[in-house]
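Chains as they are written, first to last, in my numbering: chain A, 1 to 218; chain B, 219 to 463.
Derived from the structure by calculation, the hints contain no laboratory data. For clarity, every value in this text was computed on a predicted model and none was experimentally measured. One thing to keep in mind: the hints can contain errors.
As the list claims (entries may be wrong) - Think about it this way: if two alpha-carbon atoms lie no more than 16 Å apart in a straight line, the pair counts; the simulated EDC-like pairs of lysine to aspartate or glutamate are:
no., chain 1, residue 1, chain 2, residue 2
1, B, Lys310, A, Glu23
2, A, Lys60, A, Glu33
3, B, Lys316, B, Asp277
4, B, Lys342, B, Asp277
5, B, Lys389, B, Glu420
6, A, Lys112, B, Glu315
7, B, Lys316, B, Glu423
8, B, Lys310, A, Glu40
9, B, Lys317, B, Asp277
10, B, Lys336, B, Asp314
11, B, Lys325, B, Asp301
12, B, Lys316, B, Glu420
13, B, Lys389, B, Asp431
14, B, Lys369, B, Glu386
15, B, Lys316, B, Glu352
16, B, Lys336, B, Glu315
17, B, Lys373, A, Glu174
18, B, Lys342, B, Glu366
19, A, Lys28, B, Asp277
20, B, Lys310, A, Asp116
21, A, Lys28, B, Glu279
22, A, Lys28, B, Asp276
23, B, Lys336, B, Asp301
24, B, Lys336, B, Glu279
25, A, Lys80, A, Asp61
26, B, Lys336, B, Glu420
27, B, Lys368, B, Asp384
28, B, Lys342, B, Glu355
29, B, Lys368, B, Glu352
30, B, Lys317, B, Glu420
31, A, Lys60, B, Glu420
32, B, Lys317, B, Asp276
33, B, Lys368, B, Asp383
34, B, Lys368, A, Glu107
35, B, Lys369, A, Asp116
36, A, Lys112, B, Asp314
Spelled out, the chains give:
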Amino acid sequence: MKLGMNVVLVLAALVGLSLAARETLLRKDLSREYGILAAEVGYLESTGEPGVQVIALPTKDPRHFRWRIFVPENETVVCKTSVAWDRIVPMEGPLSFIAHVRFRDGENGCLKAWWDVNRSGGTTDMGGAQLYEFLNGRWDEMEIEQLASDGRVTVQSGQLSSLLRISMPDQMREDAQESLSPQNLKWYVPELCHLQLGTDAETGGSARTDASASEREP
Amino acid sequence: MNDSNVDFEIDTSESHRSDTRNGLEARVRRGPLQWNLKTMILLALLCACWFCYHRLRDDNERMRSAIQAMRAESKALVVLYNDRVALVSAPKTWSDEKKWNVALPSKETVGNGGTAYKLCLATKGLQLGSMPSEVTELVLPHGRHAIEIKKRNTKDGFEVRVLLDDQEVIKVNQVHAWGAERGESGSEGYKSQSFQPGSAVESVELYGMYLTDDKMPEVSKTSQHNGVLLWLEPLREAGQLGGGL
Numbered sequence: 001m002k003l004g005m006n007v008v009l010v011l012a013a014l015v016g017l018s019l020a021a022r023e024t025l026l027r028k029d030l031s032r033e034y035g036i037l038a039a040e041v042g043y044l045e046s047t048g049e050p051g052v053q054v055i056a057l058p059t060k061d062p063r064h065f066r067w068r069i070f071v072p073e074n075e076t077v078v079c080k081t082s083v084a085w086d087r088i089v090p091m092e093g094p095l096s097f098i099a100h101v102r103f104r105d106g107e108n109g110c111l112k113a114w115w116d117v118n119r120s121g122g123t124t125d126m127g128g129a130q131l132y133e134f135l136n137g138r139w140d141e142m143e144i145e146q147l148a149s150d151g152r153v154t155v156q157s158g159q160l161s162s163l164l165r166i167s168m169p170d171q172m173r174e175d176a177q178e179s180l181s182p183q184n185l186k187w188y189v190p191e192l193c194h195l196q197l198g199t200d201a202e203t204g205g206s207a208r209t210d211a212s213a214s215e216r217e218p
Numbered sequence: 219m220n221d222s223n224v225d226f227e228i229d230t231s232e233s234h235r236s237d238t239r240n241g242l243e244a245r246v247r248r249g250p251l252q253w254n255l256k257t258m259i260l261l262a263l264l265c266a267c268w269f270c271y272h273r274l275r276d277d278n279e280r281m282r283s284a285i286q287a288m289r290a291e292s293k294a295l296v297v298l299y300n301d302r303v304a305l306v307s308a309p310k311t312w313s314d315e316k317k318w319n320v321a322l323p324s325k326e327t328v329g330n331g332g333t334a335y336k337l338c339l340a341t342k343g344l345q346l347g348s349m350p351s352e353v354t355e356l357v358l359p360h361g362r363h364a365i366e367i368k369k370r371n372t373k374d375g376f377e378v379r380v381l382l383d384d385q386e387v388i389k390v391n392q393v394h395a396w397g398a399e400r401g402e403s404g405s406e407g408y409k410s411q412s413f414q415p416g417s418a419v420e421s422v423e424l425y426g427m428y429l430t431d432d433k434m435p436e437v438s439k440t441s442q443h444n445g446v447l448l449w450l451e452p453l454r455e456a457g458q459l460g461g462g463l
């Protein structure tokens, strides 16, 4: 009886072990596909917590920035920026989309910016030929802060977080004072671009803007 | 009395009976399950194995549903029939980008009856339902490629460039036939999902844009327009393919 029961236990354990092994092998394949797809389109799902989830996605171009943004139900997200384009229409959750900001050399000899936030966006010429010439070959010197570049971030309700901040280092600012027009200095120095994301649909720009507005998650 | 003749007989029956009784009692007390150390270890092993299995299965299920959701957005190129082209609009990386990822039948497949394709571009004499008279063509190499079209307005018309794997392969300058007032109407297919034509002899329109003005405000089957028409045309049986667009 005892021996029989032990044999049954061993057999049942072996069946469980083989099934677990099969799932482990399957997991390898799934992980590979998950990794490829997550790099391409990203994946965020509702965690039941309030706030907007953001994760940066990789790109081939160092001047191209992408994020997967998940807005849960009962949240309204807005994007605002200090330059080039004004507040984007508030977007009500639930929704999940990929946001883009990209800069590239325009065919008309100026820096062009393109943004696309939930199918709302456009292109703009930044600063004309003067700014283009000033930045030509100096993009690597810019200080770039991209939200969620190290992993998923939750932007808490009622707060604004910097989605993208591209600013000039001290030396470049000094050079800009000599090279750029007052208008270009006003619009693009020291921050060439500062795009913010938040959930303050009603309060507009009065929402608190600080580094603690977002909580970095492991 | 000889001591050596004395038989000692020890009656152990009582004791044996007693042991037997104790054993039976113990068995009755312990029930049919024998919970010794070995059994307990095996039981723990069993639980661990099945716990791991369920945990992995649940994780995989979650990953599968995430993959399912991402696949819907990924614009993956799906080749169901390898005798014909498969294409999907490439993920957007600029506002007015018109780019497609295409998978063309391999050389072996073409040798076995599959279809090779040429890339065709027309910029004038565009008419719905019929082939333009002036077409710039390029025979496409086998395998997977990216095709992109770039349009730029010039002083007296527009310039169209077609790139194959980021290399310019076709460039056409087109002068406007009419006045400066012009609008656009057009189509850009296969935006969200991978597409394959119904048969290996069908042409596939990649991009169509018809310029209109106050003289030709509507695009119809009888009106001819300047614009951009880019399509893939099978190299075999090209004569039958005109009506496909």
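Handout entry: Hint numbers contradicted by this structure
Key = Checked against the structure, the hints that fail are numbers 1, 2, 3, 4, 5, 9, 10, 12, 13, 15, 16, 17, 18, 24, 25, 29, 30, 31, 32, 35, while the rest are satisfied.
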